Amino acid sequence: MNRTIAKKTLLSRRQIMGMVTLAPLLGWSLFSEVKSTTGYGAFRDANGNYGIAAINIKDGVPLFYTAMPGRAHDLALSPDSNHLLCMARRPGTYLKVIDARHGQIITQQKAAKGRHLYGHSCFSADGRYLFTAENAYDEARGVIGVRDGSSNYQQVAEWDAHGIGPHQLSLSADGEYLIIAIGGIQTHPKSGRKKLNLDSMQSALVYLNAKSGDFVARYRLHESQQSLSIRHLAVTKDGLVGLAFQDQDSFSQNKTLVGFHQFGQPIIQKEAEDTIQDEMRGYCSSITADISGRWFAVTSPRGNLITLWNGATQSYINFATLSDCSGIAPTDLEGEFVVTSGQGKIIFINAKSGTQSHLSLVNTTKKIAWDNHFISRVY
Amino acid sequence: MKLKSINTVNRMTLQFLVGFLLVFCSLQSLAVESTQFRKLNVGLLGQIVIPAYRHLFQSAVALNQQAIKSCKQPDDANFKNLRDRFSSYVNNWMAIEFFRNGPSKYLFRQNRIQYWPDKHNVVSRQLRSLLIDQNASLLDHSKFTQLSVGVQGVTALELLIYGKKALELFTNINIASQFRCQFIQAISYNQQVISQGLINDWIRQDNGYRNVLLNENNRLQVSKDIGIDILRLLYGEIEVIKTLKIIRPLDISIEKAKPRRAELWRSGLSTKNIRQNLQTVRLFFDPASPIYNFYNLENSVVNQTELNQSIAVKIDQLIELSQQQLAQLSLPINEAVSDERNRPILLSLVNTLEHLANQIKQYTNDVYQSPLGFNSFDGD
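If you're matching them up, the sequences are chains S and Y in order. Remember, the working numbering sits 8 above the position in the first sequence when you count from 1. Remember, the working numbering sits 118 above the position in the second sequence when you count from 1.
Quick caveat, the hints were computed from the structure, so don't treat them as lab data. Quantities reported herein were computed from a predicted structural model and do not represent experimental measurements. Do not take every clue at face value.
[To be verified] Calculated pairs, DSSO-like style, for lysine-lysine (alpha carbon to alpha carbon, straight line, at most 30 Å): (1) Y:342 <-> S:375; (2) Y:376 <-> S:66; (3) Y:376 <-> S:203; (4) Y:342 <-> S:263.
[What the hints assert, rightly or not] If the Cβ cut is set under 10 Å, some of the chain S residues that face chain Y in the computed set are: (5) 97; (6) 123; (7) 127; (8) 279; (9) 283; (10) 284; (11) 287; (12) 312.
[What the hints assert, rightly or not] Where chain Y lies over chain S, by a calculated footprint (3+ residues, C-beta under 8 Å): (13) 327-334; (14) 349-362.
Even glycine gets a Cβ: it sits at the ideal position worked out from N, Cα and C.
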């Protein structure tokens with residue numbers, strides 16, 4: 009067991025926040041039972057090569073490393089857990105299908121002509137189709153690629169995303185809707201990653217019919233919040249959608265960077281206290297819900313901050329720190345999340361119990377920087 | 119046949135020995151490298167960071183003592199002395215402001231020392247309300263620390279001693295002025311307690327932050343991680359100077375300049391603050407420094423034939439250039455942003471700081487073989 013836990017009793021909110029921050033310093037040590045869980049994430053190694061890695065987050069044993077031709081972004085696991093889909097980061101075009109247990113590349117696809125990927129995808133409820141967020145860049149239009157897993161993930165349809173810059177997407181809890189975070193930012197491969205429409209950007213949350221691609225609904229933030237880009241989301245089995253924003257106005261302070269949404273209702277933005285808002289530095293890189301759907305966690309790497317949120321009350325509860333943190337995924341314990349960092353660190357934090365622990369990778373000398381996103385498979 | 123077999127054995131032995139030597143040399147090299155990283159951490163924390171926190175505490179004590187003295191005898195001379203102590207305390211804060219990790223995050227100390235930028239004018243509104251209420255019980259330290267972080271630090275203190283009619287309000291003999299002075303004392307004492315907490319948390323033997331970071335059995339961080347963290351903090355400081363302290367008040371044109379967005383503009387300390395920020399960053403790279411710093415590390419771990427010029431030297435030169443540009447300003451930043459002669463100097467400074475930040479990124483990449491802020495600065 010390569011996992012040590014720092015545990016504190018919850019006192020006042022302010023006290024516990026300080027304690028969680030200091031927890032790694034104080035050297036508390038006890039152990040926690042974790043079932044076998046695999047985590048997957050994209051990385052860059054010390055030689056500047058990109059790839060994806062799978063690790064057993066119970067014992068820190070790396071399961072495989074698979075090289076990628078360029079920087080990857082998010083991964084998606086098929087519902088049967090056999091296929092791991094690796095998407096190129098914007099403005100990349102590759103899509104690799106990987107054996108989720110052994111790491112071999114099974115097949116690969118590219119974005120269609122005039123399209124690039126945004127790095128995120130998700131599966132249909134039956135696991136047959138893969139939905140990919142894409143940019144039809146010459147038309148300045150966001151699209152959703154529909155790919156058939158039963159025929160090597162070849163593209164079989166393309167749906168309008170109803171907004172510029174679709175980023176993370178997920179199925180609704182009942183599998184009926186495809187929920188898309190529309191970042192609102194126009195880019196073109198000729199301009200690299202340059203943002204071309206910050207003055208007029210319009211972010212939104214779009215619901216499509218997951219079977220037909222028909223438009224269902226669009227939700228926007230208040231016009232005073234126009235500089236916020238809705239980039240990442242997490243959906244619970246109760247249908248609550250957690251949202252993480254990125255502020256494109258470098259001068260603005262204290263904009264609320266986390267929101268919640270229920271179908272048919274407006275997006276609710278939720279604040280942490282001012283000092284925590286400041287530390288989020290206008291940028292959230294990932295959001296996820298825990299296994300129970302009661303807790304959410306959001307990473308803000310510019311402030312080395314992980315904020316924890318109560319899904320039931322839709323309120324901020326706590327924070328922890330990790331340098332250059334970003335990837336975050338649920339474990340098999342209620343309230344617990346695994347967090348990865350650009351400095352190769354892996355920690356666990358538990359919103360319910362207020363504990364924090366650290367995982368060391370074993371049997372490897374490979375030094376990697378974990379990329380933006382991390383996913384987990386619990387079995 | 120026998121001879122061939124012996125040759126084969128010899129060849130294998132030779133191959134084994136060469137392999138062993140290669141592994142041995144590489145391990146030796148790693149050990150030497152690890153020693154250098156550790157030496158760097160010991161030097162930077164022991165000779166730059168911790169002394170800066172000591173100075174901060176000492177100046178907080180001096181500020182608090184002066185606040186007590188000034189309030190006992192609220193005259194012009196004591197008002198001036200109080201302003202001097204304030205300036206000295208702020209200067210010491212600027213010398214360590216960049217270290218936004220560890221004890222400065224604990225209990226929101228960073229924000230309780232300086233809540234800035236204050237986009238919604240929280241400090242002014244809350245301070246005004248507290249001064250009107252004159253609830254003396256809130257000035258008791260245990261209650262004062264529960265007030266908004268905005269009114270606990272130097273932003274509020276600056277308003278009290280540099281705001282409109284500050285001298286008059288300070289020297290008046292009435293209840294409102296007395297309460298105002300008690301508020302000044304409450305902030306000053308609070309700063310003393312915060313800065314004492316900071317230095318104590320750094321140096322205490324039992325789990326002090328210094329010992330935790332330098333502990334060779336620290337499983338959370340190896341020696342290299344600490345240097346990368348410091349580089350990220352220094353990069354972050356350059357970004358704060360560039361974006362918040364200069365570009366934000368500059369805005370997009372001279373007509374739209376926002377003088378009041380300059381840091382501590384009432385006391386005219388905005389330029390001096392940046393000078394001190396940069397002076398601190400320079401200590402980490404200065405080739406002439408007696409401290410084992412990033413310049414020395416670069417010389418130890420990077421093959422010099424691979425480098426045209428030391429990156430640390432380039433960083434040092436860019437800081438020197440920034441200081442020269444600051445020296446060309448004939449007005450404080452809040453006035454310079456709206457002045458036709460000074461504004462271009464600030465724009466040039468922004469450009470220099472951009473190069474400086476890029477060089478810190480380059481240093482991390484080349485010397486630590488690690489991207490600086492892989493997620494923080496290059497996420498999606």
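These are the hints, each one checked on the structure:
Simply put, residue 342 (chain Y) and residue 375 (chain S) have alpha-carbon atoms about 12 Å apart, close enough for the 30 Å limit, and the pair holds. Note on residue 376 (chain Y) and residue 66 (chain S): the hinted pairing is violated, with a Cα-Cα distance of about 53 Å set against a maximum of 30 Å. Straight-line distance between C-alpha atoms of residue 376 (chain Y) and residue 203 (chain S) comes to about 25 Å, which keeps the hinted pair within the 30 Å bound. Of the pairs offered as hints, the one joining residue 342 (chain Y) and residue 263 (chain S) is violated, with about 35 Å between alpha carbons and a cut-off of 30 Å exceeded.
For residue 97 (chain S), the interface hint holds, the least distance from its beta-carbon to any beta-carbon of chain Y being 6 Å, beneath 10 Å. Taking 10 Å as the C-beta cut-off, the interface hint given for residue 123 (chain S) is violated, the closest approach to chain Y being about 17 Å. Nearest Cβ of chain Y to the Cβ of residue 127 (chain S): about 6 Å, under the 10 Å cut. The hint holds. Because the beta carbon of residue 279 (chain S) sits about 12 Å from the nearest beta carbon in chain Y, more than 10 Å, this interface hint is broken.
For residue 283 (chain S), the shortest C-beta to C-beta distance to chain Y is roughly 5 Å, which falls under 10 Å, so the interface hint holds. At about 9 Å, the closest approach between the beta carbon of residue 284 (chain S) and any beta carbon in chain Y falls short of 10 Å, and the interface hint on this residue holds. A distance limit of 10 Å between C-beta atoms decides the matter here; for residue 287 (chain S) the minimum to chain Y is near 8 Å, and the interface restraint holds. Look at residue 312 (chain S): its Cβ gets to within about 7 Å of chain Y, closer than 10 Å, so that hint holds up.
Check result for the region 327-334 of chain S against chain Y: holds, 5 residues qualifying (beta carbon to beta carbon below 8 Å, three or more required). Counting residues of the region 349-362 of chain S whose CB lies closer than 8 Å to any CB of chain Y gives 4, so the stated coverage by that chain holds, three being the minimum.
Going down the numbered hints, you'll see the structure goes against 2, 4, 6 and 8, while the others check out.
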